[in-house]
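In order, the protein sequences belong to chains A and B.
Counted from 1, the first sequence has number 74 at position 74 by the numbering used here; the numbering is strictly sequential.
Quick note, the numbering used here runs 1000 ahead of the 1-based positions in the second sequence.
A hint or two may mislead.
Stated by the list, open to error - Residues from chain A that keep clear of chain B, each with C-beta distances beyond 10 Å, as calculated:
id, residue
1, R127
2, R225
3, D252
Claimed, not checked - No farther apart than 27 Å at their CA atoms in a straight line, the calculated lysine-lysine pairs in the DSSO-like style are these:
id, chain 1, residue 1, chain 2, residue 2
4, A, K231, A, K249
5, A, K231, B, K1047
6, A, K249, B, K1272
7, A, K161, A, K335
8, A, K335, A, K347
9, A, K73, A, K249
10, B, K1047, A, K57
11, B, K1272, A, K146
12, A, K335, A, K146
13, A, K347, A, K146
14, A, K146, A, K249
15, A, K161, A, K146
Don't read these hints as lab results, they were simulated from the structure.
All C-beta atoms, glycine included, are put in the ideal place defined by N, C-alpha and C.
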Amino acid sequence: MRPVFNTKNLGGSSFRLYTALPLFLLTLLVLHTSACRRQSDLVREGTITLYGFSVVKEPLEREIFPGYREEWKQKTGQELTFIPSYAGSEIITNQIVSGVEADVAILASARNADRLVETGSTKHDWRRLPHHGIVNRTAMVILVQKGNRHRIRDFADLGRKGVRLIHCDPVSSGAGQWSLLAVYGGTLLRTGRVEGTRNPARAVETLRAVWSNVVSTPGSAREARTQFERKEGDALITYEMEALQLLEKSPDFEMIVPPTTILAEHPVVIINHPRHGLSPARYAVVELFVRSLWDPPAQASWVRARFRAVTDDALNARFAKIDHPFTVADLGDWKVAYQQVIEEVWKRQIQTSRDDD
Amino acid sequence: MVKTQSFKRQQEPPDLTGLVGMGFILLAMMPLVILPIASIFIFGFSKGPVHFWSALTEAPALHALQLSILTSAVATVCNVFFGVVAAWVMGRDQLRGSSALIVLISLPTAIPTAVAGFALLLLWGRSGLLGRFIEQTDYQIMFTTAAIILANIFVTFPLAFGVIKPALDNLDINYEAAAETMGATRWQTFRYVVLPSLRGAIITGALLTFARSIGEFGSTIMVSGNLAMRTQTAPLYIFAKFNEGDIESANAIAAVLALISFAIFSLIMLTKGRWGRWGRGR
């Protein structure tokens, strides 16, 4: 007869631990928020998830969110929670296209906004918003280390020998793309003004010379500023608001406003997915918030963060005067500009031949 | 006078070569390993311990740490469970498919973590191979805690198995044979004879998986959505804070992660000491 295995005095009590611990963790996980279920509208009521490009973090979190929460509380008695996430503009656009649960996006360029519509991530006609959907603008400027050793006055000077330039990565950040347009477009329009006709060849040459000096391409405007602050380069092409914020923080830097430079315009888009978008109730809540971005309090907040307001030019009195400002419209539109400058000139001509110089 | 050999046990002279060797290794490690880690603590406390503590106890920081620990723990449990089962099932016999299976199991470590994250997106994302069906339902996998756990499971997959299998293979088969003669079923043999002997290996495998998982970044950043207070793990938090220029907060969490890893590896060393070499139980 087969003996019976007597397990009475054997150890193996740790086996209970092996099963108890996983069960405990599983319970924790189930109770944990955002585990797996797509949050129903009922749960998401009272929240607005906002994806913003890197440099809008401060004005939003310090002033605009608290201000709007207060206003909302007074109007409706309801508590409103903002759930934000910040990164380079291309990065957040890709995240939204991949399906993150966003309600609103503040992007660095209209190209990102159009891409959201084209990929079917939203059906919001954002250009119908006030001011064609643009909440604020800022000029592209040059930051240099104190003393301006290389005597930079304009974008073309960044091509001089020995200049170590930090340039935001055009692949992941809006600031990177605006920088490219600023250098190329600035030269193009200057030749148009001075010589009578635009000289694309000169613009390409200038861009190529500038790019031969690039030592680092950080993924977002804020990341670039952090690198530059730590003195990793002689110069940085960035948003005017980043430059001004840095100057207010530390005296070790100078800002150069080139005579001909582009105004970066930043749109806001409501992420209303065609299939599982916002319920009418939530859409109304989100839209009210979005429209408040053009109200005087929010525009004042943008200005305090050193963005230029779009509603009232009087608010921009203290910003430097730009001799010859231009916008992407002067280069066609984003589609044309992106194709001609970023795809054709930068990606195809300059990036592929960098090692041959 | 003839000096007589004393057979009394004498104090051995210090092993100079050994000490010099260790000193040399430490010296080499200074710029490569020790100083970078020291920089975290030096910069972290440069504004004083109060500042360090307030950066650490900020709500997003605490949430990030808690999320990292939770997701790593779940991934560890899954991979240890799989490691034990796979090692037991494969047995000691060189079955024909088992070497191929071992290569397959080890594959995740050869894949760059960013590629792993990207692959998960391709599978479970909105237009992914399987994701497109999940899209129709009320559930969502990408950009949730579940996605972080999936990514962690993927990149740490073979770690526990790699520790447990050799330990299992080295167990003295006589114990199991004895149990069988005493009437134990396969399951009883496993639970009362094999598993307790594997305790050291299981704990080591678990700690290794946990340590690797808690620091995982490349795959997490692709699949998590990076929402502070919701899907931002500790490494993602460090990255975000650093990019914002908030070096102090980044440092505080980095220091905590470094300490956690240090504690884990000390535990692993202690386990080895207490439970003897991996495999020999009780």
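Consistency of the hints with the structure:
1. R127: Fine: 25 Å to the nearest Cβ keeps R127/A off the interface.
2. R225: violated (7 Å)
3. D252: Check passes; 14 Å lies beyond 10 Å.
4. K231/A x K249/A: The hint holds at about 15 Å.
5. K231/A x K1047/B: Holds: K231/A and K1047/B sit about 21 Å apart, inside 27 Å.
6. K249/A x K1272/B: Given pair K249/A, K1272/B is violated - Cα atoms ~52 Å apart, limit 27 Å.
7. K161/A x K335/A: Roughly 33 Å between the alpha carbons, so the hint for K161/A and K335/A is violated.
8. K335/A x K347/A: This hinted pair holds, its Cα atoms lying about 15 Å apart.
9. K73/A x K249/A: violated (34 Å)
10. K1047/B x K57/A: holds (24 Å)
11. K1272/B x K146/A: violated (57 Å)
12. K335/A x K146/A: violated (38 Å)
13. K347/A x K146/A: Distance of about 32 Å is beyond 27 Å: violated.
14. K146/A x K249/A: holds (14 Å)
15. K161/A x K146/A: Status holds; Cα separation ~19 Å.
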